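So the sequences go chain by chain: A and B. The first sequence finishes on residue 314 if you use this note's numbering, and the numbering steps up by one all the way, no holes. The second sequence finishes on residue 274 if you use this note's numbering, and the numbering steps up by one all the way, no holes.
By construction, these hints were calculated from the structure, which means they are not laboratory data. Careful: at least some of the hints might be erroneous.
Claimed, not checked - Only some residues are given here: those of chain A computed to face chain B with a beta carbon under 7 Å: (1) L104; (2) A217; (3) V218; (4) F221; (5) Y282.
Claimed, not checked - Beyond 10 Å from chain B on every Cβ pair, some chain A residues (computed): (6) R31; (7) P50; (8) D82; (9) V101; (10) N122; (11) P164; (12) G189; (13) L196; (14) A197; (15) Q246; (16) T249.
Unchecked claim - Per the computed footprint, the stretches of chain B lying under chain A, defined by three or more beta-carbons under 8 Å from a beta-carbon of chain A, are: (17) 20-27; (18) 116-124.
All values derive from a computational prediction rather than experimental measurement. Using N, Cα and C, we set each Cβ at its ideal position, and we do this for glycine too.
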Amino acid sequence: MTSTATVSAAATEPLAGRGQRPRRGIWSYWRFYLALSPFYVLFAVFGLYPMVSTIVLAFQRWDGLSARRFTGLDNFAFLIQDPTFWTALENTVVLFFMSTVPTLVLALLLAVMLQSAVRFTNVYRIAYFIPNVTSLVAMAIFFSSIFSTNFGLVNAALRSLGIPQQDWLGQPWGIKIAISTMIVWQWVGYNTLIYLAGLQAIPKDQYEAAKVDGAGAVRTFFSITLPQLRPVVLFTVIMSTIGGLQTFTEPQVMVGNSGGTGQSGMTVVLFFYRAAFLDNDYGYAAAIALSIFVLVLLFTAINWRIFRGRGEDR
Amino acid sequence: MRYRLRGIALHAALVLALLVFMFPFLWTIIMASNTTADIYRFPPKFTFGGHFGDNVRHVLDNVAFFQSMANTATVAISTTLLVLFFDSLAAFTFAKFRFPGRNALFVVLLATMLLPAQLAAVPQFQTMALLGWVGSLKALIIPGAANAFGIFWMRQYFQNSIHDELIEAATLDGCGFFGTYWHVALPSARPALAFLGIFTFVGSWNDYMWPLIVLTNPDHVTLQVALSTLNRSHGVDYSMVMTGALMAMVPLVIIFGIFARQFIKGATEGAVRG
């Protein structure tokens with residue numbers, strides 16, 4: 001019965017209290033460590049170890065077969081001279097802006113409308129969210145089909161309006177429009193729901209006070225709704241940044257591993273995938289992976305500063 | 001009267017948005033039920049056709065659809081069950097018990113959420129090669145069997161929903177640590193488990209890059225990889241490819257349909273609290 005006694009001692013211990021604790025050997029907590037172990041063991045084997053070896057690998061040259069060779073900063077030196085890397089970086093940032101800005105603006109607009117609607121709100125919410133839980137690959141195929149040159153639905157619509165058809169997936173800007181349209185379609189609903197939840201958390205009396213002061217709808221939106229929503233907006237911007245910097249499936253399925261015409265669908269993750277798993281240039285791929293990590297940190301820090309900084313100025 | 005008009009305009013805009021969001025699904029069904037020639041006409045055919053059966057047969061002829069669906073289901077179901085068990089057990093421990101190193105371990109857990117997955121992909125592939133798991137579904141299931149997000153999520157829930165007195169009572173009734181988890185914590189956490197379960201299942205079902213890398217045998221791919229192969233080799237036959245896309249989405253739509261409310265409530269909670 002000693003085991004039960006041990007558990008009860010731990011279980012009845014007040015969590016928040018700072019009182020005297022009975023001194024016990026560390027082995028008496030073995031159940032807790034055992035309960036936590038799956039995550040930490042898996043993380044050590046499939047997370048921590050690979051990440052550390054990525055850092056080591058970034059300073060080596062390795063094709064996966066012959067011996068690894070230490071090459072110092074060569075991979076990084078090559079990386080900053082590689083035009084494909086800069087193309088991929090530029091594409092990723094451009095795609096991020098082309099998809100995130102419309103997504104968040106549309107989501108905010110829909111959320112404000114949805115908040116004033118009384119009926120069917122659950123139907124709208126579920127329908128808006130569905131794009132977010134469907135297969136990326138299936139939808140990438142769908143979007144490449146509607147943007148196809150001779151038979152696509154987009155060109156059919158243009159022709160019926162008397163506008164000449166466009167070679168969407170054969171032109172740099174067309175590829176970007178097709179990819180970002182898909183990202184917008186997939187993420188507007190998700191962000192709408194998050195904004196809606198944020199809107200509903202704003203105290204009603206603030207709106208009443210604004211009404212008493214004679215503020216109009218636009219004025220109320222910019223001086224009450226938007227400032228109160230700032231933490232939620234920060235959350236959506238950071239989530240979009242992390243997602244946007246990892247764009248892979250959309251371009252890979254729509255325009256293939258080459259990145260399409262002028263490599264305009266080449267993103268940093270697609271570039272990484274190619275270097276590692278098509279060219280077997282593992283050291284170089286590791287250097288790209290590190291650059292993606294630095295990029296994510298940088299963007300998150302910038303977002304944080306912009307949104308936090310303004311809040312503290314007030 | 002003015003309010004009435006505004007209400008109508010509001011719902012008109014909301015319904016328009018709904019149609020835009022639903023259109024890809026509708027158009028997928030239209031494409032899947034017609035021949036590619038019908039779709040490629042100008043103006044295109046906007047009504048359902050009678051070729052769905054033919055398209056399904058073509059899909060089944062060209063890719064091992066049921067095999068890859070079985071693979072995907074195996075991966076998604078096992079990952080989800082393992083995640084639910086390991087994450088909730090760890091979360092319960094973090095939420096309700098004190099032990100040396102608790103805070104340090106929790107900080108490590110949070111830090112892991114900031115690390116992008118790509119950072120690990122190359123050596124992870126080497127690890128899989130070393131273990132002999134390349135080409136095996138284990139390579140998809142095991143690394144994802146427990147995750148920081150789920151532990152963090154469940155811990156929030158346990159902290160708020162289970163009173164310490166409840167645990168004391170269970171202990172007095174003779175429940176050990178695991179018994180308390182199984183009989184007290186788990187049954188009370190059903191809404192949180194439902195969200196985490198769907199979230200994991202959908203993510204696992206739709207995962208693309210890692211299966212593409214690690215499932216090297218074309219006969220043992222997942223649905224998403226099979227679909228991209230179908231598109232690559234038969235991209236001209238859009239009706240057939242979209243039939244495959246439709247077939248790959250059906251299980252997800254059904255599951256989402258059953259748990260939609262629960263899932264949406266859960267998906268938005270974290271953002272507003274944080």
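Checking against the hints above, which ones are violated?
Hints 1, 2, 3, 4, 6, 7, 10, 12, 13, 14, 15 and 16 contradicted; others consistent.
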